[in-house]
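6 protein chains.
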Amino acid sequence: MRNAIVLLAAAMMIPAAANAQLYKLTPEQLTELTKQNPFERFPDGRPKVPDSLIERARGMSMEEAFAILPGKGFRNQYEDGFQVLYPKKKMVGRAFTVQFMPARPDLDAVVNAKGRITNQTAIDMVQPGDVLVVDLFGKVTDATIVGDNLFYYLAKTAKASGLVVDGAIRDLEGISEIDMPAYYRKAHPSFLTNVTITGINVPVRIGNATVMPGDLVLGDSEGLYFIPPQLVQQTVDNADTVHVHDEWTRKMFDTGKYKSSEIYGSPKDPALKKEYDEYLKKRLAEIRGKK
Amino acid sequence: MRNAIVLLAAAMMIPAAANAQLYKLTPEQLTELTKQNPFERFPDGRPKVPDSLIERARGMSMEEAFAILPGKGFRNQYEDGFQVLYPKKKMVGRAFTVQFMPARPDLDAVVNAKGRITNQTAIDMVQPGDVLVVDLFGKVTDATIVGDNLFYYLAKTAKASGLVVDGAIRDLEGISEIDMPAYYRKAHPSFLTNVTITGINVPVRIGNATVMPGDLVLGDSEGLYFIPPQLVQQTVDNADTVHVHDEWTRKMFDTGKYKSSEIYGSPKDPALKKEYDEYLKKRLAEIRGKK
Amino acid sequence: MRNAIVLLAAAMMIPAAANAQLYKLTPEQLTELTKQNPFERFPDGRPKVPDSLIERARGMSMEEAFAILPGKGFRNQYEDGFQVLYPKKKMVGRAFTVQFMPARPDLDAVVNAKGRITNQTAIDMVQPGDVLVVDLFGKVTDATIVGDNLFYYLAKTAKASGLVVDGAIRDLEGISEIDMPAYYRKAHPSFLTNVTITGINVPVRIGNATVMPGDLVLGDSEGLYFIPPQLVQQTVDNADTVHVHDEWTRKMFDTGKYKSSEIYGSPKDPALKKEYDEYLKKRLAEIRGKK
Amino acid sequence: MRNAIVLLAAAMMIPAAANAQLYKLTPEQLTELTKQNPFERFPDGRPKVPDSLIERARGMSMEEAFAILPGKGFRNQYEDGFQVLYPKKKMVGRAFTVQFMPARPDLDAVVNAKGRITNQTAIDMVQPGDVLVVDLFGKVTDATIVGDNLFYYLAKTAKASGLVVDGAIRDLEGISEIDMPAYYRKAHPSFLTNVTITGINVPVRIGNATVMPGDLVLGDSEGLYFIPPQLVQQTVDNADTVHVHDEWTRKMFDTGKYKSSEIYGSPKDPALKKEYDEYLKKRLAEIRGKK
Amino acid sequence: MRNAIVLLAAAMMIPAAANAQLYKLTPEQLTELTKQNPFERFPDGRPKVPDSLIERARGMSMEEAFAILPGKGFRNQYEDGFQVLYPKKKMVGRAFTVQFMPARPDLDAVVNAKGRITNQTAIDMVQPGDVLVVDLFGKVTDATIVGDNLFYYLAKTAKASGLVVDGAIRDLEGISEIDMPAYYRKAHPSFLTNVTITGINVPVRIGNATVMPGDLVLGDSEGLYFIPPQLVQQTVDNADTVHVHDEWTRKMFDTGKYKSSEIYGSPKDPALKKEYDEYLKKRLAEIRGKK
Amino acid sequence: MRNAIVLLAAAMMIPAAANAQLYKLTPEQLTELTKQNPFERFPDGRPKVPDSLIERARGMSMEEAFAILPGKGFRNQYEDGFQVLYPKKKMVGRAFTVQFMPARPDLDAVVNAKGRITNQTAIDMVQPGDVLVVDLFGKVTDATIVGDNLFYYLAKTAKASGLVVDGAIRDLEGISEIDMPAYYRKAHPSFLTNVTITGINVPVRIGNATVMPGDLVLGDSEGLYFIPPQLVQQTVDNADTVHVHDEWTRKMFDTGKYKSSEIYGSPKDPALKKEYDEYLKKRLAEIRGKK
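Residue numbers (my numbering), protein chains in the order written: chain W, 1 to 291; chain Y, 1 to 291; chain V, 1 to 291; chain D, 1 to 291; chain U, 1 to 291; chain B, 1 to 291.
None of these hints come from the bench; they were simulated from the model.
Note that this is a predicted model, so its numbers are computed, not measured.
Even for Gly, the Cβ is constructed at its ideal location relative to N, Cα and C.
Do not take every clue at face value.
[Unchecked claim] If you anchor each label on the Cβ, the simulated ranges turn out as follows:
id : chain 1 : residue 1 : chain 2 : residue 2 : range
1  : V       : G265      : D       : Q233      : 24 to 34 Å
2  : B       : K35       : U       : T118      : 18 to 28 Å
3  : V       : G265      : W       : G71       : 20 to 30 Å
4  : Y       : G265      : V       : G73       : 51 to 61 Å
5  : W       : E262      : Y       : P27       : 22 to 32 Å
Here chain W stands alone, though its shape is the one from the complex (with noise of 0.2 Å):
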């Protein structure tokens, strides 16, 4: 029963670990913290949503996150007010976390004990499919978490599928020529410096948003959305129902014999309610069928 009794290990237990940053999780206390998890996991614990619902996801919208989850409980999963460096490009992956706190010289000497901590620590780290969500607390200036040449790696080495940082970035020229998605609060020439890792992998905050490792993360123009992995088969199940309510409600509209009220949200004649309940089976099983 070593699971129930030491259930989140922390920062530097290990001793030869390279890495000491404050907060740290064993794969133990990473599987414990996200045991809702009903898909394989990475070797340190995070949990590992599957390419095929990633696939899947890709034709996600915010709307269709925010239609399941808030029902369940998860009411702070959602956040805006990014500048989108392709506002035409959905992004999806899995959430690799990293903490920042601004820095004090004390609690410095004592994460970097072991050598220093850096961005690239938690860059060099960062798998196939990951997208990076950096916690810099709203902080722009010194606050620049990548530049071109880090966010090449990410993109073309790491193959992250992309970037979020409640804080900034540099180069945004040089970034602008890379094709992975990054959401970010500025674009600043200034290095990073000022501020501390203090966990890698551990719960963090993005604005008003509570993000764990592993979460599936999507992204659009509107904004982001931190997918618990326990709810993604039934974000992207549902989702399938409202594009085919989409668009058999826009057939409809096409028809132009209707007014809005009568076919949306649901049709209010039951005859029409019975051939869109049809249709609905239909195109459901067409669709899974291809999938």
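We have chain W already, so just place chains Y, V, D, U and B on it with the hints.
Just chains Y, V, D, U and B, lined up with the frame of chain W:
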């Protein structure tokens, strides 16, 4: 002289009314309120700026509206600070107005006594060529007037010319694929809730502007102008003059022979001034001949 | 069944009316709109919360209003962010509402057709015990509802209980010498201009709150609550219970024998709980006996 | 050498723990984290700046902390922009820190698995002389750490020295009658909800400052300084010098014989400089003799 | 006719100048620039509004300045949004202006070529009765024009009448014990650094106002008015009329016999109007006889 | 040694001057003020960074300016927060500066005594390759420096390289069709009014930056850098090194063999470091050979 007495009738006066919003104007009241309108009207009394003027207004800019309106005492007809869905696409149409207030159950009970009045109640009343102008008092969360389905209905079925909302929209991704201009404060995934419709086709406030039903709404990447029907002809005519003025000014600039101050706003050299006056006369004749 | 038919009459319906604002309610309409009011009314139909309840409400805080209203579905009755003239002085009174919109000459001409309606038109209608509640839509420059002379009139001649303006006041120095509570967004030396009164004693919006004529207005250093008449008794009664609860809780804290969680919100020890219940019963009897 | 290995232990490591917040430090971990502390510690490892130094710090200003800290590399220990309950009352005490994050049900379930952790869990741990420092990430609605009852408990029963919350308080009216300093972003009537406690006595972020458990918290009408224990003595000593310097400078100004630049920052005339040096020496001896 | 030719001379024109800021006006230039000044001047050319008018201005409000200035075309002489050190204390004095810009080493080198120009350079030039008006372009961190020692010097040694800074002060606690009005954007513990003085007694911008050396500065809890010398007499005289008007208006209100609109702005009844005119005449004679 | 004495001459010194703004520098004064300029000058003394360097600067980013300037003490040369007309188009040119202040009639009378100075006065002085840099102190309404006609003149007739205005432009729609970069705070339909030009080609403040006439202005989608002439060569040379560094770094990243921290900022392996050093040397030779 009934009109002089019963000017503005009120909500719910007609027992069979399906809608019973707090403020409602009879056709006589709306006619009285907009009595300077020189054009035809819709059956509900709303001024109907003719299609031919709407077409000419498509060539106008905010500055050309500004050139006329404040001088006539209309200093509160411009508003900006919106997200603009299609910055390169001019929006022109007749204002169809809707007013919301924060919900309270006692007001709600009275307003909805004879059937719930929703955003779709108003949307189903929109006429071809209308711009739906919605006063949601700047609220964004829970203040999404439409998602992509109702936006589709407005654009395709109702054949509206655009949307202005001092509030939010949802489904930005879906809306971005539908070809109708929209001006909104923010996109947000939440539903429209916790508000009450208090008026349809009554005067509304959009930021610092007062909008009346039937105003000509003009929008470009800069902002929005709400032009009273009685000033549309003069504004459009003056814009023709401005266009010729600019045409001639740039021709002169192209010669490279003049300082800007010798030519603009008005040529300093009397000979040039004469040349300009003749050019203006000729060009206006051509332009208006065409129309 | 006249009432069922002519619910809300409109502005300028009565030929002899001296005032002709855009929105105006007859006594019947205002009575219908506030039909849950359990108290007497003013001749114009406005609910008149009795003086005895106003007196008891003077002991209430924002939190004691919050304890009842959202639970009854009234989630939009609180607003803050004001400059508070006397932070140590509780404000309690009946809402007398005024609505302004940005001026436009065509609207102005209709509204003022039978004599100019100004801020003084409304001020001269204020009754003793009223709080003048003014919707100036957050505008401050050129939006000064009163200076020190009219503030003096309200306080001394009209015997008003206070002023709330989602806009500005002028003559702050002079006003600071007059003993009546006021809540305003800013003080500014400019005049009230470039706006039109569009309603007196109609529902108005003050920030995020909807205020109805006759609401009980409660103000302290924190903010403002607008309490519908039908909920005043329950709110005031519940406040008595809260006061006794706090009295007893602090007595227990004063013993130094308990952790806060053993006593508050409710005593954990059944014996203490019983002791508390008896104390509450006894004290409520005393308090209400007095009243 | 276990300590050298297991530096910072984590939440829920000890099976019998009543509290199980996400981040929790054992006494050994907190000692390691604050190992530059030259003073005694509380049983939980938190540094305990002696009462005598707290008393001397009462004479200090923000500027006297600024005079030492940035020069030692501590550039992120100041924060302002708070509502200050008692602007004329200096606040001095030892930081007791609490960290919140936006709630999510899966995190909540783990954190509260062994009994719900609430604001009262932390409040009941506060020691005499502590300042409760709460990271509510700037949230105000639904983020009211205490009302007047718990504020009373902190002030009277726990004998705390003050409250700092990067969030809200409620019951401002009641709190205004209790004699303990408080710094908060806003007062709001709502309850504390939709958040989770993720750490007690761990490093927290208050705006741009990083606060460690046991920091000396200094507050006046200007803002707040969080001084690491290891710099308290030097800061307080230096403040004595500043006070004498100011005393002498004003004496010289009082003579009316000098331009400000002849005396301040340092006297230009060598004879005056010598006079000052002697004065400083004598006065410091007097001051320190007294202490 | 040298004056007509060499109107405004510049910085560093006079070889022996101790100060060499970027912009500097000779007495002749400053005289030319303020040539509408009807009063005496300081040796440096700065207008010297007489003490007797300063004394009378002490009874004026922002509104009484507003009553005259915009009508004379002076629409940019008011500014607010300051922290006000003593909201109950009127500030009146002659503007002594200082302009800063963000520092750059090449500009610094030229400006300070003949000796470093600092805030103390300007402070040492302040005359009794002056209000030091400092353009620090709204910057607050590192933009603290004075701490308590220099504030003490200004108040006690220089006998200044007040301080206005579009920037910050430090040592707010110490300053709060010194009896001189101050208007500042923020208090902050940092030093004044990273800026350069670019002008002393030149026109400066304070927010939206343009201030000229020698303007009469008037401040109360509302904001600040900068009154050109040539309009001081008229403004002060008009304020007397306003005071009598208010006195009489309130007397009438006290009778309880009138609606506000019957008396204010001007009595409607011709008999009352006559009574008022006589009262005004008599009281003005009394007031001015006294002065 | 005349130059050492009469450094900065002033406005209106030359009797025949057509322009008489408050602040004006003679060629000698401007030369003195920018004496570190290593390049030729315009007849009015303004530094003229050579076209060849302007061409090379076109390849630079904000970060490459940041790499040099703060280290040389130039910490106030960057500003952002603008609307950017062409985010994909680099702007490079020589600063031609204009300063405005809020208008006041007495200042206006002096400044315009010899002929009205307007925005066109300055625009007519702009030289090919200049960027017009306008200090309108952040004002937007009534602060539109140009509309599309004058923008056309700047781009086509004056052959300017761009526009920066800490204020507004008008005719955004028309301007969007003219191919010249522009940085502005807002577009607004109002005219330029209620302001006075107080200097042409004097040091100006654009937000937090101090700009001198002749600075190299560099703009991209991120923001603006104002580079003093004396640092242009070094900045451009260093940018070459950065470009090669990035080129090589990405080559290494492309191999997929390295963690980012092994290569960037500098290769950790001495053999790689050597390889890099040789690559850099070779590439710089190639690049500079070409130029």
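Hint-by-hint comparison with the structure:
Our hint of 24 to 34 Å for G265 (chain V) and Q233 (chain D) is violated, since their Cβ atoms are close to 43 Å apart. Take K35 (chain B) and T118 (chain U): their Cβ atoms lie about 23 Å apart, and the range 18 to 28 Å holds. In this structure the supplied range 20 to 30 Å holds for G265 (chain V) paired with G71 (chain W), their Cβ-Cβ distance being about 28 Å. Between G265 (chain Y) and G73 (chain V) the CB atoms are about 59 Å apart, so this pair conforms to the stated range of 51 to 61 Å.
At roughly 25 Å, the beta carbons of E262 (chain W) and P27 (chain Y) sit within the given window of 22 to 32 Å.
Comparing the model with each earlier hint shows a violation of hint 1 alone; every other hint is respected.
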